[in-house]
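K.L.:
Residues per chain are reported as follows:
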Amino acid sequence: MSRQEILEGLKSVLAPYTMDKEALNSINDETEFIKDLKINSANLIDIIIDAEERYEIEIDPDSAEKIHNAGSCIDIILEKMKEKA
Amino acid sequence: MRSIGNDIVALALTSAERTRKEKFFSKIICKQEIELFKSIDSSSLSFENFVWLAWSIKESVYKFCSRNNSSLLFSPTKIFINSIQLPAKKNIPIGREMESGSLDRAISYCCEVSFQGSKYFTQSIINNELIFSVCNNKNDFDNICWGIKNIHDDRYENQSASVRLFTLNKLQDLFKHSDLKIEKKTAGYPVIKQRPNIPLSFTHHGCFVGYAFALNSNE
Chain X
0 MSRQEILEGL KSVLAPYTMD KEALNSINDE TEFIKDLKIN SANLIDIIID AEERYEIEID
60 PDSAEKIHNA GSCIDIILEK MKEKA
Chain B
0 MRSIGNDIVA LALTSAERTR KEKFFSKIIC KQEIELFKSI DSSSLSFENF VWLAWSIKES
60 VYKFCSRNNS SLLFSPTKIF INSIQLPAKK NIPIGREMES GSLDRAISYC CEVSFQGSKY
120 FTQSIINNEL IFSVCNNKND FDNICWGIKN IHDDRYENQS ASVRLFTLNK LQDLFKHSDL
180 KIEKKTAGYP VIKQRPNIPL SFTHHGCFVG YAFALNSNE
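Protein chains in written order, with numbering that gives the first Met the number 0: chain X, 0 to 84; chain B, 0 to 218.
Some hints here could point you the wrong way.
[Unchecked claim] A short list of chain X residues far from chain B (calculated; beta carbon distances all over 12 angstroms):
#1 10
#2 26
#3 57
#4 59
[To be verified] Label pairs and their in silico Cβ distance ranges:
#5 29(X) with 39(B): 37 to 47 angstroms
#6 195(B) with 28(X): 42 to 52 angstroms
#7 85(B) with 25(X): 17 to 27 angstroms
#8 10(X) with 12(B): 37 to 47 angstroms
#9 45(B) with 3(X): 38 to 48 angstroms
#10 142(B) with 25(X): 37 to 47 angstroms
Treat the hints as calculated values from the structure; they're not laboratory data. In this text, a Cβ means the ideal position worked out from N, Cα and C, and glycines have one as well.
For reference, chain X alone in the conformation it holds in the complex (with noise of 0.2 angstroms):
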């Protein structure tokens, strides 16, 4: 799975937690989820839990402290699904 496509899931993952519409359609990797997408940090550990369930992952507390923007957040999809092949 390319980046691209991850960054466009990721956006159904975060859609239910941001009024912010225009900002979550032009996010890019260095779209800050709190700062950017307005995501109040209450729903940080629903984020982490629905893109464990899309992705079929699991995302540890390290990992899980790294994750701050799209970027980062993509990052952490992709070594855990290279783990899980």
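Put chain B on the given structure of chain X with help from the hints.
P.N.:
Relative to chain X, chain B alone:
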């Protein structure tokens, strides 16, 4: 360097069903904290509220610490709640606005927390709608002012504007200074332009916003 951290959780925006799932709560609390929950009177605190209390406590500790270390990462399971003291008074109603006062300790869940070899202390209040926590590195909250407000419009821009106005009203009342300004540091935390030595923290979730700041002992 002095600091402060706070956090608010709007319970209507959380899912009790999801919170009860191990996959969810295990990303916030560890086995020792589950044992801590079992040791307290569960009639006064549901498991779901305990999980969100833990989240709120840990986020407030993280905010306290990240003010002096902007590269710090938030990992709830690396922050440990060592002890919890239940409030002496229960069922305290929280109105549309609530501010710190003499009842604080009697209505608060008081916790001792460990993170990266240091101890922190938190006071939290819980009602049917929200959980609000404040963190300090001393078990002393006498000089800490906090406030919670229920707002009508939960869009981000309004949350942000409302918490600033709510805080400015309190600060202007305290300091009799009508021209105070709040700025945001590039690291993300707010500062009072005219009183940069007073640590200030904002929080918002859904229809609730809150502030906390620590006065100097002579103020």
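K.L.:
If a hint holds in the structure, say so; if it does not, say that too.
P.N.:
Against the structure, the hints come out as follows:
Remark: the non-interface label on residue 10(X) is consistent with the geometry, its nearest Cβ contact in chain B lying 19 angstroms away (cut-off 12 angstroms). Even its closest Cβ contact with chain B, about 17 angstroms, leaves residue 26(X) beyond 12 angstroms, as expected for a residue assigned away from the interface. Non-interface call for residue 57(X) relative to chain B: violated, since the shortest CB-CB distance, roughly 9 angstroms, does not exceed 12 angstroms. A beta-carbon of chain B is positioned within 12 angstroms of the beta-carbon of residue 59(X); the least distance is around 10 angstroms.
Between residue 29(X) and residue 39(B) the C-beta distance comes to about 44 angstroms, which sits within the given range of 37 to 47 angstroms. The hint said 42 to 52 angstroms for the Cβ distance between residue 195(B) and residue 28(X), and at roughly 34 angstroms that hint is violated. Separated by about 47 angstroms at the C-beta atoms, residue 85(B) and residue 25(X) break the suggested range of 17 to 27 angstroms. In this structure the hint that residue 10(X) and residue 12(B) lie 37 to 47 angstroms apart at CB is violated, the actual value being about 21 angstroms.
The beta-carbon spacing between residue 45(B) and residue 3(X), approximately 43 angstroms, falls within the hinted interval of 38 to 48 angstroms. In this structure, residue 142(B) and residue 25(X) meet the distance hint of 37 to 47 angstroms, their C-beta atoms being roughly 44 angstroms apart.
Checked against the numbered hints listed earlier, the structure breaks hints 3, 4, 6, 7, 8; every other hint is satisfied.
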